[in-house]
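Chemist: Here is what each chain is made of, one letter per residue.
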Amino acid sequence: DAGITQSPRYKITETGRQVTLMCHQTWSHSYMFWYRQDLGHGLRLIYYSAAADITDKGEVPDGYVVSRSKTENFPLTLESATRSQTSVYFCASSDFAGMGSNNQPQHFGDGTRLSIL
Amino acid sequence: SQQGEEDPQALSIQEGENATMNCSYKTSINNLQWYRQNSGRGLVHLILIRSNEREKHSGRLRVTLDTSKKSSSLLITASRAADTASYFCATGNNDMRFGAGTRLTVKP
Chain A
130 DAGITQSPRY KITETGRQVT LMCHQTWSHS YMFWYRQDLG HGLRLIYYSA AADITDKGEV
190 PDGYVVSRSK TENFPLTLES ATRSQTSVYF CASSDFAGMG SNNQPQHFGD GTRLSIL
Chain B
17 SQQGEEDPQA LSIQEGENAT MNCSYKTSIN NLQWYRQNSG RGLVHLILIR SNEREKHSGR
77 LRVTLDTSKK SSSLLITASR AADTASYFCA TGNNDMRFGA GTRLTVKP
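Respectively, the protein sequence lines represent chains A and B. According to our numbering, the residues represented by the first sequence are 130 to 246, in order. According to our numbering, the residues represented by the second sequence are 17 to 124, in order.
Honestly, I wouldn't trust all of these hints.
[As the list claims (entries may be wrong)] A few chain B residues that don't get close to chain A, going by computed Cβ distances all over 10 Å:
{"id": "1", "residue": "Asp23"}
{"id": "2", "residue": "Pro24"}
{"id": "3", "residue": "Ala26"}
{"id": "4", "residue": "Gln30"}
{"id": "5", "residue": "Ser89"}
[Stated by the list, open to error] Label-pair restraints from in silico Cβ distances:
{"id": "6", "chain 1": "B", "residue 1": "Ala94", "chain 2": "A", "residue 2": "Ile141", "range": "17 to 25 Å"}
{"id": "7", "chain 1": "B", "residue 1": "Lys123", "chain 2": "A", "residue 2": "Gly192", "range": "23 to 31 Å"}
{"id": "8", "chain 1": "A", "residue 1": "Thr144", "chain 2": "B", "residue 2": "Glu71", "range": "45 to 53 Å"}
{"id": "9", "chain 1": "B", "residue 1": "Gly75", "chain 2": "A", "residue 2": "Asn202", "range": "32 to 40 Å"}
{"id": "10", "chain 1": "A", "residue 1": "Asp185", "chain 2": "B", "residue 2": "Glu31", "range": "42 to 50 Å"}
{"id": "11", "chain 1": "A", "residue 1": "Phe225", "chain 2": "B", "residue 2": "Lys72", "range": "20 to 28 Å"}
{"id": "12", "chain 1": "A", "residue 1": "Phe225", "chain 2": "B", "residue 2": "Ser67", "range": "18 to 26 Å"}
{"id": "13", "chain 1": "A", "residue 1": "Glu143", "chain 2": "B", "residue 2": "Thr80", "range": "29 to 37 Å"}
{"id": "14", "chain 1": "B", "residue 1": "Val60", "chain 2": "A", "residue 2": "Ser196", "range": "36 to 44 Å"}
[To be verified] With a straight-line cut-off of 20 Å between C-alpha atoms, the simulated SDA-like cross-links for lysine to any residue are:
{"id": "15", "chain 1": "B", "residue 1": "Lys42", "chain 2": "A", "residue 2": "Arg173"}
{"id": "16", "chain 1": "B", "residue 1": "Lys72", "chain 2": "A", "residue 2": "Arg173"}
{"id": "17", "chain 1": "B", "residue 1": "Lys42", "chain 2": "A", "residue 2": "Lys199"}
No lab work stands behind these hints, which were simulated from the structure alone. The beta-carbon is built from N, C-alpha and C at its ideal position, and this holds for glycine as well.
Whole structure, please, built from the sequences with the hints as guidance.
Modeler: Right under this line is the structure:
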């Protein structure tokens with residue numbers, strides 16, 4: 130089925146470990162995004178990508194690494210996890226419509242709930 | 017910092033009543049989007065209103081935009097229990113900014 134899928138849905142890890150969250154979309158959308166959602170902060174943009182091999186920092190990029198070797202995949206890596214990175218992570222995608230991505234709706238996955246002990 | 021900020025933070029109404037949520041933002045925009053999030057799920061796009069539009073309708077949803085006041089409102093008419101969710105406004109260019117949302121509870 131077409132859509133955007135995130136894996137895993139739940140993850141528990143320890144401080145200092147590396148963890149990668151996966152995101153895959155089947156629409157061939159140009160833009161992909163990673164957000165974190167914390168109580169009291171709403172969604173905050175971590176990184177986004179306008180196309181394969183093009184990534185840009187969002188509002189809260191520190192401690193995260195992304196790559197986009199293929200249009201359909203946009204993994205997010207926490208190289209050395211910290212407790213402050215405990216959160217729910219959402220991946221989203223949107224089509225290209227000129228003048229940036231904001232002219233098109235974003236389509237969200239169901240999130241990865243990450244707990245760092 | 018958040019670009020859009022919703023008000024109120026929480027809203028509880030009876031089924032059949034109307035629900036109004038407001039969004040304020042800080043900088044000039046090309047458009048503004050509203051999203052809904054059911055518990056434990058990702059956000060779902062509801063409606064996009066462009067900066068040159070003042071009002072837009074989609075089913076039971078009505079969105080208004082006042083660029084002079086840098087504010088928008090989302091009205092849900094004849095609410096249903098299934099409308100219970102959090103609602104977010106979002107603005108920005110490539111780096112979309114979401115507010116903290118309004119949590120709407122519709123009691124049957």
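Chemist: Against the structure shown, which of the earlier numbered hints fail to hold, in ascending order?
Modeler: As far as the earlier hints go, 6, 7, 13, 14, 16 and 17 are violated by this structure, in ascending order.
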